[in-house]
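S.K.: Chains as they are written, first to last, in the numbering used here: chain A, 1 to 359; chain B, 1 to 260.
Derived from the structure by calculation, the hints contain no laboratory data. Please note that the accuracy of each hint is not assured.
A few chain A residues that face chain B, going by a derived Cβ cut-off under 8 Å, partial list only [unchecked claim]:
| id | residue |
| --- | --- |
| 1 | G20 |
| 2 | N52 |
| 3 | V63 |
| 4 | L84 |
| 5 | E87 |
| 6 | L179 |
| 7 | D183 |
| 8 | W184 |
| 9 | G194 |
| 10 | K206 |
| 11 | A207 |
| 12 | Y259 |
All C-beta atoms, glycine included, are put in the ideal place defined by N, C-alpha and C.
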Amino acid sequence: MTRELLEGSAAIAAAAITAGCRFFAGYPMSPFTGLLESMSRELPAAGGVCVNAESEIEGVNMVLGAAAAGARAATGSCGQGIALMQETIAEAALNQTPFVVFNMARNQQDYFQCTRGGGWGDYRTITLAPKDVTEAVAHTQLSFHLAELYRAPVILYGDPLIAQTRVSVTVAPQDHGPLPERDWVLDGTGGGTGRSRQVWTWAMGKATDPGPGPDRHWRAVADKFDAIAATEARFEQAHVEDAETVVVAFGTAALFVEYVVEQLRAEGHRIGWFRPVTLWPFPGDALAAATTGARRVLVFELNAGQMLDDVRIHAADRSAVRFIGGVSIAESGLAYGDLMDAPAIRDRILAALTGGASA
Amino acid sequence: MTREQIVIDTSGPPSVPARKVADPRPSLLLGEHSLCPGCGEPVALRLLLEVLQELDIVQRTIGVVGHGCYGSFVRIMDVDVLQCLHGRAPSCATGIKRVRPECAVFTMQGDGDMANEGLQEVLHAAARGEKITCVMLNNGVFGDTGGQLTATTVLGQRTKTSLAGRDAEAHGYPIPVADLVAGLQGSAYVARGAVSTAGGVAQTKRMLRRAFETQLSGAGFSLVEILTMCPTGWFVPAGEGPGYLGGSLEQSYPLGELVT
């Protein structure tokens, strides 16, 4: 695999195709549009299909169908578009159909949307939040693996800086280990045998071969999400062992926070950083450990304080938690505003270190 | 019973002449349906399954079922099935067909499913010329939820949410789905049948057969709208369903092939 200079969207598309994605459907919406364009350009040559769907609802349902028929499939959008997909994401979580949703979001205000969802039922959505294009490439391939491993939709939560930054990347196949047999796939061959298959949220089975039924099925799905929560939480951290102050951030914002904290460390401050890589499952146990002994836990995210809830739930001392982020959007509404800036973040952290409570 | 007790008398002809008895049930039915007496949907299901069998495509067929009374058919149809969200079946079927072009892919949806919740889905699937077959079971009401007004309820028809009858001023006009789909370039076969008479049943079966043949030939999108009885949702005696259908729905939705 050669190193290429690619826009983030194109790099993610290449990673998806390398991971075996052969069906993609989406509706244009900035900054997701570049990914749709890349897939429509590249997927047919790889033997796949890319559909410019008439709406997000149609796109995600095409993907549900393609995935139920056995293809590695994906869709995407951002914010409002993901909102339209929530009904189907929930349905897929409950009927156990794996696919990947690329949320090339406009900002960090989709945290609740990604981690809580808007559908019905006892489901959760695995959400990966890369901090840059290189990690987005790795996460794309991991997303397809996790989706198939757990038979569940997975969201990759990017942003404009990931979608639209041109970087030098290598897209190489990854091996994440074995996957379960896909004996549930609808291939059409089950008919007329008395053993035809079904993908059904109610899981009641055929008359001749009753399934578990909704009660047992939904309990099993809930148990599965508990198991995922216990095993798939991912995080990164540095300097937390002796830190008086731990700064928590996710996605691209975490990249900026990491830079600033390293700077402050070099200047002699006892400060560390913690980054949830999976927003769900939230790495709560790790955060608790990382913040034990810290006098301050600062949360920097570019919204009104959404991950803040998860940090408060898990921090060793919730009274130590301070929010230092905020809504920060460019006039266009399509990019981050003034707060996504290392000096601005530095000012906020220093204000907190010197007694400032919150922004 | 002991061996000595079995005595076969071959001294005379059998009392009942041996004869072949037709199996009254298509072999693709796995069990009894649970729908109301007089419902037309089990008839439509049977026709569909018979056509799949006659075309010998049973083991390469995937069905997509929406939401409505017929949702229970998931359990008794011996074909691979995806039960999807209300209205979304044509989109799901699109995804399935695009990744498994060798399969025959059909949707089964009611009028509430296809015309209310999912009109956009079926229109765009038709416009794209998706090589799938959509079947709309049209009884003019939401049967599953107990007889409320749908987009296809005909003018004057009484429902639980149009107690004085559908009034265009208050409820708008009914939507002729087959006619809308017929106007789109991607549609290769569009027809409207009914299962309220013996002739209608035979004609509807031919329509379903042609719809699947159209799909298999790769010509484009196919749709069969089937008018079915819902005596429970119409609040008429079960035996009067066919007559009610003929006097109401069929007057607004003429039977026949619209695109061939």
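S.K.: Determine for every hint whether it applies to the structure shown.
M.R.: Checked hints:
no.	hint	verdict
1	G20	violated (12 Å)
2	N52	violated (10 Å)
3	V63	holds (6 Å)
4	L84	violated (12 Å)
5	E87	holds (6 Å)
6	L179	violated (18 Å)
7	D183	violated (12 Å)
8	W184	violated (10 Å)
9	G194	holds (6 Å)
10	K206	holds (5 Å)
11	A207	holds (3 Å)
12	Y259	violated (42 Å)
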